[in-house]
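Protein chains in written order, with our numbering: chain P, 10 to 147; chain V, 10 to 147.
Hints listed in this document are in silico derivations from the structure and should not be mistaken for laboratory results.
Note that the structure is a prediction, hence the values are computed from the model and not measured.
By construction, the Cβ of each residue, glycine as well, lies at the ideal position given by its N, Cα and C atoms.
Heads up, some of the hints might be wrong.
[What the hints assert, rightly or not] One side only, chain V facing chain P, incomplete, derived with CB under 7 Å:
id : residue
1  : LEU71
2  : VAL97
3  : LEU100
4  : GLY127
There are 2 protein chains.
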Amino acid sequence: MNMPTFILDPRIAASSYLIRSLSLCQVRLQNDRRWPWLVLIPEVADRREIIDLSEADQTRLLEDVRTASEMVKTLAAAMDFEVQKLNVANLGNIVAQLHVHVIARNDQDPAWPGPVWGFGTAVPFEAGEQEKLLNLFK
Amino acid sequence: MNMPTFILDPRIAASSYLIRSLSLCQVRLQNDRRWPWLVLIPEVADRREIIDLSEADQTRLLEDVRTASEMVKTLAAAMDFEVQKLNVANLGNIVAQLHVHVIARNDQDPAWPGPVWGFGTAVPFEAGEQEKLLNLFK
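The shape of chain P in the complex, shown without the other chains (with noise of 0.2 Å):
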């Protein structure tokens, strides 16, 4: 029997840079400067729910967005931005496979205090300043 191989939708692959790989999974930089952003993938096949992952590697995802949630908290600082709130959510309504949002917010965001989902346009980084950010992280 092969087994299912994880591949990475061509939608987050597009809109987003790749970090590293954490217990689970690619951790990601949003490609969108308006917020400190970043993605997790389970680098697992065929998932879409949380609870579609097995009891272990749901806490290995929990134990990465305590790791991306003080990653972004870094990133923050470097884009100058207030962290004052951390949303952590796993929508997938557009891209089905299993993604976690790690995002700073504050009160002076354009989307504050609504989600950011959805919210107008993403504002791609400039030339070079990605790989700053990415330098960060390494």
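Could you slot chain V onto chain P? The hints should help.
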């Protein structure tokens, strides 16, 4: 030293009905018949972020997310709502008290594929309707 006491935020109290306490959280039925929607509130004082919880409590929160994910499917069946996706999210931009939403979604729901938070106005349950739904979990 007095330990701070858990007190439910009055806005959460006013917009939802208590179902019961789980391993860490109070699980409540959101008073909005547009979606099968549960809210988990860790019964621990003065927490705003998932990472503000101890690791043991984070693990209990994860267990409660699993329980609530199954409960929301039961709720959806009773509301004749086909579950195509769960949305599991801690935002907390408006109500600071740590809480996690567990919401059933499908491509016929009013906000699909956008997020539900801040979308239109809550449609409260009709007289007796919420009792029938709360009774599902007795």
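Status of each hint after checking the structure:
A cut of 7 Å between beta carbons decides the hint on V:LEU71: the least distance to chain P is about 5 Å, and the hint holds. The closest approach between the C-beta of V:VAL97 and any C-beta of chain P is roughly 5 Å, which is under the 7 Å cut-off, so the hint is satisfied. Taking 7 Å as the C-beta contact cut-off toward chain P, the hint placing V:LEU100 at the interface holds, the least distance being around 5 Å. Among the interface hints, the one on V:GLY127 holds; its C-beta lies about 4 Å from the nearest C-beta in chain P, closer than the 7 Å criterion.
Every hint, counting from the list given before, is met by this structure.
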